[in-house]
Amino acid sequence: MTIPHHFPLAAKLPVYCLDWLAEDVLVFAGGGGKGRTGVGNFIRAIHVPSSAKSAEDVAVAAEIKLSSDEDAPMAMAVDTSSDTLVLGVNEADEKKKEGNEHLRIFRFERSESAAGDKKGTVSVTLNSSSNSPSLPLKDPAEGYVRRLLFSSDAQHLLTASTEGSYAVQSYPSLSPAFDATTDFEGEEIVDGDFSPDGTQVVVCTGRKLKVLGTYPNPAKAGSDDSEGEEKTNGEQAVNGASSSRLGHPPIWQTIQNPALGGEGGCEFRAVRFGKARRRPDRLAAAAAGGDKEGDDKISEKKSDAVASSSAPTPSSGSEGKLFTVVNAKRSSGGKSKKRKSFLSAWSLSTWDLLETRQLSEKPATVFAISPCGRYLAYGSSDLSVGVINARTLRPVMRILDAHSFPPTALAFSPDGGWLVSGSADNTLRVVRMPLTADEEGEMGGTTESLLERPWLLTAMLTLFILVLAAYIQRTIMSASSS
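Under the working numbering, think of the first position of the sequence shown as 535, with each following residue one higher.
Warning: the hint list may mix true and false statements.
To be verified - Taking lysine-lysine and the BS3-like style, the derived pairs with C-alpha atoms no more than 30 Å apart in a straight line are:
{"#": "1", "residue 1": "Lys672", "residue 2": "Lys863"}
{"#": "2", "residue 1": "Lys874", "residue 2": "Lys863"}
{"#": "3", "residue 1": "Lys599", "residue 2": "Lys568"}
{"#": "4", "residue 1": "Lys896", "residue 2": "Lys863"}
{"#": "5", "residue 1": "Lys568", "residue 2": "Lys587"}
{"#": "6", "residue 1": "Lys896", "residue 2": "Lys874"}
{"#": "7", "residue 1": "Lys874", "residue 2": "Lys742"}
Hints listed in this document are in silico derivations from the structure and should not be mistaken for laboratory results.
Using the sequences and the accompanying hints, generate a full structural model.
Here you go:
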């Protein structure tokens, strides 16, 4: 198992969420929460150039200090097509009674100063745009927004809380896309994800997950159903946004009470839809051409970006699958047991369980999928960060002791070149991924990277050494004979 180059980076605050504003700009947020802990709450953006080898090559591009009277930011979503950053932050106690505006919306802009023939300094401008309520948290002192996510076309925003409430909102209006069901009430929602085409959303708690349509069934007059209708594969589950009245979302699938043979009860920890291999963002941007010309071009910019990057390359990634991570439950008796974590792949067409592999001897804490859909990454409470091949579920690499506390956040860069994890120990771990599958396809390279085939790298090195040895021996013999 080949380990790529990686290095630690001081975040100078507990990190609870992170994402990417650009291929070379990472943004993370966290802090000490409300009170006089001595640790402030911040949003910080850093420039990570493709040539970075250590912390000395990384520079702060922007920083915003948040109020110390509010909770630390716990969730983040980024839409690069409209230069939008959304944070989940509970307001100060005195403001919660008036309505907890826990969605903080920021606009960002990346700029680069001229520096002769060399690349200049990269900076980011972050400006607060608006605050908005989203979920009716019953106990804001304990509950908070756990998951924020834009759909791939940025038409919807998923917000989910630790109290079991969730919302799929149209963006940028933030109006509800449908009447959310009460399926998860009283349970902590641990994760959620949109399908690549944005027509489905999956929401999961430790006990169950549901795959829902992102548009409602038309509301029926006089109906008072509290659950969405179960849909068969033969029925049309997505009705579009033409209905004048909201209804509950169609439910495509429900998976409950996960269990693995020999491990007893398990709990869901994370879920992701598989993705098709698509053109790398850097090449798609070049094909689209030009920069935005103003706020009135945002919609056009979104459409162009989606159109230019939506065509899959000939070789597929992990489309047609749903990936779930489960952790073994805590023992109810006095005996302690290893709480292993497992990764499973499900077929989206038949809902058959395709394969399950163990991730770690301890619970997984974070999970991510690469933009090309080829790699899955995870962080574990054993302090490691690992990468899995999404097609085979085989390990690609694992970094031990990536942090001194379990990882709390994890994300690939838009071009798949970087993987970064964050932790409450005030550190980031920056991992340089090898030439990724999406880039290889565009550049005419092999369909698998050398990182996944260390035997091939070993064979090539062995052959090189043998050829070099033969050349040296021949040179020596020629010199002796002369």
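A quick look at each hint next to the structure:
no. : hint            : result
1   : Lys672 - Lys863 : holds (27 Å)
2   : Lys874 - Lys863 : holds (9 Å)
3   : Lys599 - Lys568 : holds (13 Å)
4   : Lys896 - Lys863 : holds (11 Å)
5   : Lys568 - Lys587 : violated (35 Å)
6   : Lys896 - Lys874 : holds (5 Å)
7   : Lys874 - Lys742 : holds (19 Å)
Hint compliance for this structure: hint 5 alone is broken.
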